[in-house]
Amino acid sequence: MNNKFLGILLAISSLHASASETNHSSASTAALAAAVSAANSGFFTFDLGDYKVVALHDGKKMFSRSSFNQNLTAEELQALLSETASAEFSGSVNAFLIDNKKGNLTLIDTGAGNCQGDQLGSAAKNMQAAGYKPQYVNAVLLTHLDLDHVCGLINNAKAVFPLANVYISEQELSYWQADETLKSLSDGKAAEYTAVVGQVRSALAPYQMLKNVRTFKAGAVINDIEVVSSLGHSAGHFSFLLQSQKKSMVFAGDFVQLEKLQFIAPKLSSELDFDPAESAQSREALFSKYAAEQLWLAVSHLPFPGIGKINAAAAGHYEWMPLGSPATPATPATPATPATP
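Letter by letter, the sequence shown follows residues -19 to -1, 1 to 322 in mature numbering (1 follows the signal peptide of the UniProt record, and there is no 0).
Worth flagging that the hints you see were computed from the coordinates, not collected in a lab.
Any given hint could turn out to be false.
[Unchecked claim] Simulated pairs of lysine-lysine, DSSO-like, Cα-Cα distance not exceeding 30 Å: (1) K192 / K114; (2) K248 / K83; (3) K82 / K198.
[Stated by the list, open to error] Here are the in silico distance ranges between beta carbons for each label pair: (4) K106 / A68: 24 to 32 Å; (5) N137 / A258: 15 to 23 Å; (6) G112 / K139: 18 to 26 Å; (7) K228 / S63: 34 to 42 Å; (8) N204 / A55: 41 to 49 Å; (9) K270 / S71: 24 to 32 Å; (10) L163 / K228: 37 to 45 Å; (11) I203 / K270: 18 to 26 Å.
Even glycine gets a Cβ: it sits at the ideal position worked out from N, Cα and C.
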């Protein structure tokens, strides 16, 4: 039995023990966790120092278990997948609005808009339910250009955020805009690219016409938010770090997607990742860093509101502690501050 295989088994055992302890926590804590999960049905507000973060639920999305098959041996994968018989995992699509309480609104990702069916596309509606008007958003920061992150930019080919500058990494924008990209891809990747590139370009088109598309590199600071490298999932995937009053939150994007598998086995990547090996390297490094620093994460596809912290479990393995769990008790949500012109 190899050490990695044994490590996965030990991590699973450790997480079962942790879950058992959690199940014996107070009824009030369980009720609090449930309240967070269903907060306002489509939005949840969270104070981070001088800022208000509003989690926006865009809808539900299913992830195929079979596509997560990279970087583990067959033995390791079998041990990991033995914990679930489900062929699919139900995930969430979350966007996040940052209100600096001084009239500046920054949106992290936009949801799927009309690109991926009726189960998605509610982020803008939930923003309005939270008391904010999309037309007053000043900046949109995109972790990457997958359809469930970019298509919410438009509705009926018109800009949903007409006053906003849209920020994208140089690598990501080049990948989706350059005619040479298609020639460089394998047949399988080329087919995936061809199927969605038109929708990606259409989502950006109104902002490009307004000359409101900007690019960034790692380390850039936009509206007091730092760009953090988290490459691998896409050609130019980045996360964003917000710090205030000694509190920190990383808006993680898709560097982790599956709560049930990738915290136990950070090396596990999807075959749909742009670079599965680099994706795993980013995940392992960032899990270690964020667990040590105990900062907050806001994650695109973990259960709504997608906010929590990472704890180290067995060596090289981790667990997700969502907001409202005993390790990350929630504080009462404060009312959203409506944007004004």
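**Q.** Numbers of the earlier hints that this structure fails to satisfy, in rising order
**A.** 2, 5
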